[in-house]
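Asker: Line order of the protein sequences matches chains R and D. Going by the working numbering, 19 is the number at position 19 of the first sequence; the sequence numbering is gapless. Going by the working numbering, 188 is the number at position 188 of the second sequence; the sequence numbering is gapless.
Keep in mind that a hint or two might mislead.
[Unchecked claim] Here are the computed distance ranges between Cβ atoms for each label pair:
{"id": "1", "chain 1": "D", "residue 1": "R221", "chain 2": "R", "residue 2": "Y243", "range": "48 to 54 Å"}
{"id": "2", "chain 1": "R", "residue 1": "K226", "chain 2": "D", "residue 2": "I123", "range": "44 to 50 Å"}
{"id": "3", "chain 1": "R", "residue 1": "M1", "chain 2": "D", "residue 2": "P194", "range": "25 to 31 Å"}
{"id": "4", "chain 1": "R", "residue 1": "K182", "chain 2": "D", "residue 2": "L197", "range": "44 to 50 Å"}
{"id": "5", "chain 1": "R", "residue 1": "T164", "chain 2": "D", "residue 2": "L192", "range": "26 to 32 Å"}
{"id": "6", "chain 1": "D", "residue 1": "T157", "chain 2": "R", "residue 2": "N44", "range": "39 to 45 Å"}
Rather than coming from a laboratory, the hints here were simulated on the basis of the structure. All C-beta atoms in this analysis are idealised placements derived from N, C-alpha and C, irrespective of residue type, glycine included.
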Amino acid sequence: MTIEYRNIRNKLFKGIVIILTVICTLPLLLVLYRITKEGISAINWDFFVNLPKPVGEKGGGIANALVGSGLIILMASVFAIPLGISIGIYLSEFKKTKLAYFTLLSVDVLQGIPSIVIGIIIYLWVVKTMGHFSAVSGSIALSMMMLPAIIKSTEETLKLIPDTLKEASLSLGVPYYRTILKVILPAGITGILSGVILSVARVAGETAPLLFTAFGNPFMNTNITKPMSSLPSIIFNYAISPYEDWHKLAWGASFMLIAIILVLNIITKIAQRKWRVQF
Amino acid sequence: MTINRSYRKIKLQYIGRKEIRRINFTEASFKKMLLLSAIGLVVVLLAIFVTLLISSLPSIKAIGVGFIYGKTWDPVVDHYGGLPFLIGTLLTALLALIISIPFSLAVGLFLGEYFRSGVISGIFKNIIELLAAIPSVIYGFWGLFVLVPLVRSLETTLGVPPYGVGIFTSSIILAIMIIPYSVSLTAQVISLVPANLKEAAYSLGATRFEVIKNIILPYTRSGIFAGILLGLGRALGETMAVTMLIGNSHIIPTSIFSPGNTMASVIANEFTEATGDIYLSALIEMGLFLFVVTTIINVIGRRVIKRFSIN
Chain R
1 MTIEYRNIRN KLFKGIVIIL TVICTLPLLL VLYRITKEGI SAINWDFFVN LPKPVGEKGG
61 GIANALVGSG LIILMASVFA IPLGISIGIY LSEFKKTKLA YFTLLSVDVL QGIPSIVIGI
121 IIYLWVVKTM GHFSAVSGSI ALSMMMLPAI IKSTEETLKL IPDTLKEASL SLGVPYYRTI
181 LKVILPAGIT GILSGVILSV ARVAGETAPL LFTAFGNPFM NTNITKPMSS LPSIIFNYAI
241 SPYEDWHKLA WGASFMLIAI ILVLNIITKI AQRKWRVQF
Chain D
1 MTINRSYRKI KLQYIGRKEI RRINFTEASF KKMLLLSAIG LVVVLLAIFV TLLISSLPSI
61 KAIGVGFIYG KTWDPVVDHY GGLPFLIGTL LTALLALIIS IPFSLAVGLF LGEYFRSGVI
121 SGIFKNIIEL LAAIPSVIYG FWGLFVLVPL VRSLETTLGV PPYGVGIFTS SIILAIMIIP
181 YSVSLTAQVI SLVPANLKEA AYSLGATRFE VIKNIILPYT RSGIFAGILL GLGRALGETM
241 AVTMLIGNSH IIPTSIFSPG NTMASVIANE FTEATGDIYL SALIEMGLFL FVVTTIINVI
301 GRRVIKRFSI N
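Model the full structure from these sequences, guided by the hints.
Answerer: Below is the structure:
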């Protein structure tokens with residue numbers, strides 16, 4: 001093997017790596033381009049305030065899905081945030097225990113469970129017990145999907161906080177629970193919050209767990225014990241429909257969803273850079 | 001001024017026995033709450049498994065092993081053979097892996113070796129992360145309107161029936177969706193290769209390609225394997241995009257271009273319409289299968305990562 005051959009091979013390989021990496025970025029750009037192009041033209045005032053109209057009628061909107069998504073995610077956060085933070089605290093405070101090992105394992109397993117299986121489980125647990133589809137069951141399903149990210153971010157953030165901080169507080173006679181709630185948590189709040197925002201961004205587009213739980217609803221509904229529409233589920237229903245009008249609504253809804261998710265991701269990025277938890 | 005104000009806040013306070021008892025009680029219940037939430041998660045996980053198992057018992061009893069090799073899925077005559085979906089699931093996932101491996105390896109080398117820091121690295125890292133942020137349903141929607149026509153014209157040139165939708169189309173979308181998951185691990189392990197190993201090779205006159213081939217790849221083999229495994233776990237359970245693009249046919253796929261169905265897509269399509277106990281139970285049994293397989297994959301992947309980070 002001559003040195004020229006080896007040099008050429010070296011350069012060639014680097015070229016291939018760069019080309020393949022650039023190709024990998026294409027799908028994101030293509031998806032964003034297409035959705036922005038088709039989505040912006042679908043968005044107008046009617047889009048935000050009207051309910052979906054029958055095929056052929058102009059001026060249909062997705063007000064019910066926007067309200068539904070907001071409510072479902074809000075409820076899911078209410079369920080998931082306290083529980084996730086509490087588990088995260090346990091994992092960082094008692095990391096040597098056997099239970100912590102199994103809990104951490106459960107977090108990893110929960111993270112890997114396909115979202116459709118979560119849908120089945122909540123259907124069996126909640127929907128079957130209640131007897132009908134409901135928004136609250138959708139929220140429970142989403143909250144289960146939010147948990148791993150919240151737990152991990154809480155645990156990893158609290159790990160960074162030095163023990164001296166805790167010891168200082170305890171030595172002043174502050175009870176343990178107050179030390180955790182008033183000293184440790186505030187010190188790591190930005191890290192935990194960015195985990196929460198990221199988990200919201202992740203479940204905002206989840207469709208599969210909502211199929212058999214929140215189900216969908218063509219009307220405006222704010223009753224959490226009734227089926228409720230959401231952005232991802234109307235994207236799914238309208239995308240596979242054969243009607244041009246509905247496709248347009250789906251593009252608009254996709255644009256809204258992507259915009260929300262991108263904004264949440266950017267907020268997390270900025271928060272992580274600006275208010276990094278460090279000691 | 002500030003000193004004064006904060007000084008005023010401090011009040012000498014006599015803490016009575018009652019007060020102490022109250023604090024102790026809160027303290028104990030706080031610790032109990034932490035413990036309960038941690039136990040709760042483990043219990044929920046076990047409960048998921050048990051629920052799936054119990055709910056799929058009617059189908060396990062009625063169909064037995066035939067569920068795995070039965071070729072026909074016909075709810076009308078109460079016949080449930082899962083082979084078409086098993087093949088569909090494995091085929092799409094494996095094809096997606098084959099498509100994604102060169103890319104995730106390349107991006108891993110790009111971020112972990114060639115461009116470890118700086119603006120370029122930052123941009124590409126964010127783009128790859130955002131690939132994971134796009135919801136499955138939007139990939140499916142985009143695939144229907146962009147990828148399907150492309151595949152259809154490819155199929156016309158190849159002379160196969162131009163469905164557009166099918167195993168091949170879903171695999172491409174799946175590959176795009178799992179690349180970020182594999183990359184996050186691959187890039188990390190590649191960047192963890194000790195500098196002295198690489199420097200030793202450079203000092204012997206190796207080119208960068210030779211360092212990658214002889215040092216980095218052998219050293220990170222298990223980590224890269226774990227990355228691929230996690231991608232596989234994602235691909236097996238991915239639902240929405242596949243449901244929209246695979247064509248939903250209950251016939252065993254004959255080629256990679258034919259339409260098919262995966263376990264996840266069958267569940268998504270038929271679960272709400274499933275009438276009859278065995279029908280519903282058969283669908284839940286597929287959910288159980290997905291749960292068990294992804295759990296095993298995740299546990300193995302975790303082991304590998306752990307061993308790697310210890311090394």
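Asker: All hints, please: hold or fail.
Answerer: Checked hints:
no.: 1; hint: D:R221 - R:Y243: 48 to 54 Å; result: holds (51 Å)
no.: 2; hint: R:K226 - D:I123: 44 to 50 Å; result: holds (45 Å)
no.: 3; hint: R:M1 - D:P194: 25 to 31 Å; result: holds (27 Å)
no.: 4; hint: R:K182 - D:L197: 44 to 50 Å; result: holds (47 Å)
no.: 5; hint: R:T164 - D:L192: 26 to 32 Å; result: holds (29 Å)
no.: 6; hint: D:T157 - R:N44: 39 to 45 Å; result: holds (41 Å)
Figure legend: structure checked against the earlier numbered hints; every hint is met.
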